[in-house]
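*Asks:* The lines below spell out each chain.
Protein chains: 2
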Amino acid sequence: MSTVLPSPLAGQLNPVPRLLLGPGPGDMHPRVIAAMTTPLLGHLDPQFLLIMAETQEMLRAVFQTRNELTLPISATGSGGMEACLVNLIEPGERVVICTAGYFGDRMVEMARRCGAEVHVEQERWGQTFAADRIRQILQRTRPKLLGIVNAETSTGAWQDISELGPLCREFDTLLLVDCVTSLGCTPVNVDAWQIDAAFSCSQKGLSCPPGLAPMTVGPRAMEAIRRRKTPVRSWYLDLTALHSYWGAERVYHHTAPITMVYALREGLRLVLEEGLDARFARHQRNARALQAGLQALGLRTLADEHCQLPQLHAVVLPEGVNDVQGRKRLLEEFGIEVGGGLGEYKGRVWRIGLMGYNSRPSCVFQVLAALEKVLNDCGFKCSPGSGVAAAEAVYASS
Amino acid sequence: MSTVLPSPLAGQLNPVPRLLLGPGPGDMHPRVIAAMTTPLLGHLDPQFLLIMAETQEMLRAVFQTRNELTLPISATGSGGMEACLVNLIEPGERVVICTAGYFGDRMVEMARRCGAEVHVEQERWGQTFAADRIRQILQRTRPKLLGIVNAETSTGAWQDISELGPLCREFDTLLLVDCVTSLGCTPVNVDAWQIDAAFSCSQKGLSCPPGLAPMTVGPRAMEAIRRRKTPVRSWYLDLTALHSYWGAERVYHHTAPITMVYALREGLRLVLEEGLDARFARHQRNARALQAGLQALGLRTLADEHCQLPQLHAVVLPEGVNDVQGRKRLLEEFGIEVGGGLGEYKGRVWRIGLMGYNSRPSCVFQVLAALEKVLNDCGFKCSPGSGVAAAEAVYASS
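These protein sequence lines are chains A and B, in that order. Every position in the first sequence, counted from 1, becomes a number in our numbering once 86 is added. Every position in the second sequence, counted from 1, becomes a number in our numbering once 86 is added.
The hints are simulated quantities; they were obtained by calculation from the structure and are not laboratory data. Glycine included, C-beta positions come from ideal geometry on N, C-alpha and C. Watch out, some of these pointers could steer you wrong.
Interface residues of chain A toward chain B, partial, derived using beta-carbon atoms under 7 Å [what the hints assert, rightly or not]:
1) LEU95
2) ARG104
3) LEU106
4) ILE119
5) MET122
6) PRO125
7) THR162
8) GLU168
9) ASP191
10) MET196
11) PRO295
12) ARG319
13) TYR322
14) THR326
15) SER330
16) TYR348
Quick look at which bits of chain B chain A covers, simulated, 3 or more residues with Cβ under 8 Å [to be verified]:
17) 283-296
18) 308-322
Isolated chain A (complex conformation):
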């Protein structure tokens, strides 16, 4: 019974703080940190059941939906993606995934593992899909489900969803939308856009730590789950069972991640206190300032202007700038994290996120000042102070 291996005791946790301006996680809001220090409650304590109900009701408001099945999956955003696919798809069923980036590709991979017959509609990274094209795809393929990404985290491109719901209904197709990088930053109007299922994460627009995947499922998708001929392959992600715990029945399924729910509840309170429209406008304003600064520095972003997300900017690296060394300097000298590129854009873009709490002028100024210094030292000449000045001009005029 005695201990036989040496004890590799680590020291006290004490990392150098960073400013997280990459594709997520962003920094937690201080009130979220405080909420996480609340003592644990049992997962069936009446007080916790009330906290769950409040969290769900606020989540519905943020998703702009009345969907009863609206809850956080006990996993990160990718777990939310898997929960949607594994419940909505049965093996052999046809689905279409529209992909123009890394996270669209992830949905393709997951749908395949669910046993679906997957039709992949590919677009160049940084581009988006027009409604007309989606109509042609649906006409040709007649899938059970169409999956698409609202805010592609690998490219910073915004995909318009607003017309896709009615289109999908015309063809009796379920519309599944990846809102991982949109929720809390740009509008997600689940009911108005007739989205059948959507999922997100906790660590971007909601400024919580990573670990939960808020999601919502509408009546048509619920009906598809009810009509399944085979059990859902995942016990952990079975939405019918999760709904029995989160819904009126309160049947124990798995132990909810209590502290993460506290965090999400606080993150949602912050969103609703600010107001959705004010929050979206704030993201737009800080994005305009950042974009003005980037242009003044002579930089451009990957996505076309009309579909540039306010919360995520994939900056194309100028010739001669070393990706890894540059990001290392940003991290070590300036304490700023930005994201590297993914897939074909690995080494070619830096992804700058201004999400939730971190969409604020001080973040814009810090990252522009640091970029100018690092790029200048790589031989890419930026006019001194030009980035910050351009951002200041935007703030002054709006």
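Chain A is already provided as a structure; the job is to place chain B on it using the hints.
*Replies:* Positioned in the frame of chain A, the structure of chain B alone reads:
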């Protein structure tokens, strides 16, 4: 774009604190709470990669293993169970699950959803399986995998695992052990017992919040994963991909739940600072005091004495004591949560947990004093102060 639904803003989080003496979660250790207030790092930050490595190394010490693939799954304990099963089993393969309680049954259900041909070996709740019987089962069934629960959370029964590893090797069977309620409370000697895969949770013996499932996979199980003919059905729980992120390659898979990893790291530090043997002895001592107190009150527990877990005690309710009302009084008047019964023992037992941080004399005294009061008021006469006095006598003599 404008907000159309009313804003259901909840008030500030402010629950009445509880003492969590049920089957888990237990209370967080104060140092775990403090660790969670550490600012976020990015999931690819060199500082976080070091924190991951330290956490893994400490986890190996707590699991008593040198297994390289030792990491926390980004899900609760049930997610760890599913991760093991979905990676180790391919559809159509034969497995045996030994069950003598609710969580054994859960493993049966999950294995079925993985497409396995499941042979269920059932024992009466509260009982355990002798090695001889396991040998007969293996001889008869020759399964790819045998699944069994080390500490059955529904009954408080301890299943001896120490002889099962060599037995399973004899029949070329993988041994999967549910250590959800054992890790950090009673010995889990993965290498010495030749366990091929084991999983646990964060919120019991490790005194962290729920949300992570520490697990470890040995070389024989790794080989079985390598030899799979079909891809793992779950993308999120694919151990090969998770190993690429947690291992030397550091390939991004999903965003790790940073704050939960901070918590786990601190929980593991506390275990190793105390020392495994001292920690197990502490659990035994407090269990002896609790059991002496229960007996003095005229109560008995479900599991046989030789297999009674020190960390969980399923107290059989005396005639005339109303389960729901009694637990409500414990919760509301004494601020103590104990667990109700599951399955056939619903309404018939209360489950008292003394796990990790909460395995301490003050918890023992509080729960005995409260039990005496509540049971007396239900007409079950306990001699005043007898439970606490019996516990005190145990502490005085050891």
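*Asks:* Work down the list of hints and note, for each, if the structure agrees.
*Replies:* For each hint, the structure was consulted:
About 5 Å separates the beta-carbon of A/LEU95 from the nearest beta-carbon of chain B, less than 7 Å, and the hint is met. Given the 7 Å rule on beta carbons, the hint for A/ARG104 holds: about 6 Å separates it from the nearest Cβ of chain B. Interface hint status for A/LEU106: upheld, as the beta-carbon distance to the closest one in chain B is roughly 6 Å, under 7 Å. Checking A/ILE119 against chain B: minimum C-beta separation of about 5 Å stays under 7 Å; hint holds.
Taking 7 Å as the C-beta contact cut-off toward chain B, the hint placing A/MET122 at the interface holds, the least distance being around 5 Å. Checking A/PRO125 against chain B: minimum C-beta separation of about 5 Å stays under 7 Å; hint holds. Hint status for A/THR162: holds, given a least beta-carbon distance of 5 Å to chain B, under 7 Å. Checking A/GLU168 against chain B by beta carbon gives a least distance of about 5 Å; that is within 7 Å, so the hint holds.
With 7 Å as the threshold, the beta carbon of A/ASP191 stays out of range of chain B, its nearest partner Cβ sitting at about 11 Å, so the hint is violated. The interface hint given for A/MET196 holds, since its Cβ lies 5 Å from the closest Cβ of chain B, which is under the 7 Å cut-off. Of the supplied interface hints, the one on A/PRO295 holds, with its beta-carbon coming within about 4 Å of a beta-carbon of chain B, less than 7 Å. At about 6 Å, the closest approach between the beta carbon of A/ARG319 and any beta carbon in chain B falls short of 7 Å, and the interface hint on this residue holds.
Checking A/TYR322 against chain B by beta carbon gives a least distance of about 5 Å; that is within 7 Å, so the hint holds. A hinted interface residue such as A/THR326 counts as satisfied when its beta carbon comes closer than 7 Å to some beta carbon of chain B; here the least separation is about 13 Å, so the hint is violated. Restraint check, A/SER330 versus chain B: the minimum CB separation of about 14 Å is more than 7 Å; hint violated. Checking A/TYR348 against chain B: minimum C-beta separation of about 6 Å stays under 7 Å; hint holds.
By the rule of at least three residues with a Cβ nearer than 8 Å to a Cβ of chain A, the coverage given for the region 283-296 of chain B holds, with 4 such residues. Only residues whose C-beta sits within less than 8 Å of a C-beta in chain A count toward coverage, and the region 308-322 of chain B has 6 of them, enough to reach three; the restraint holds.
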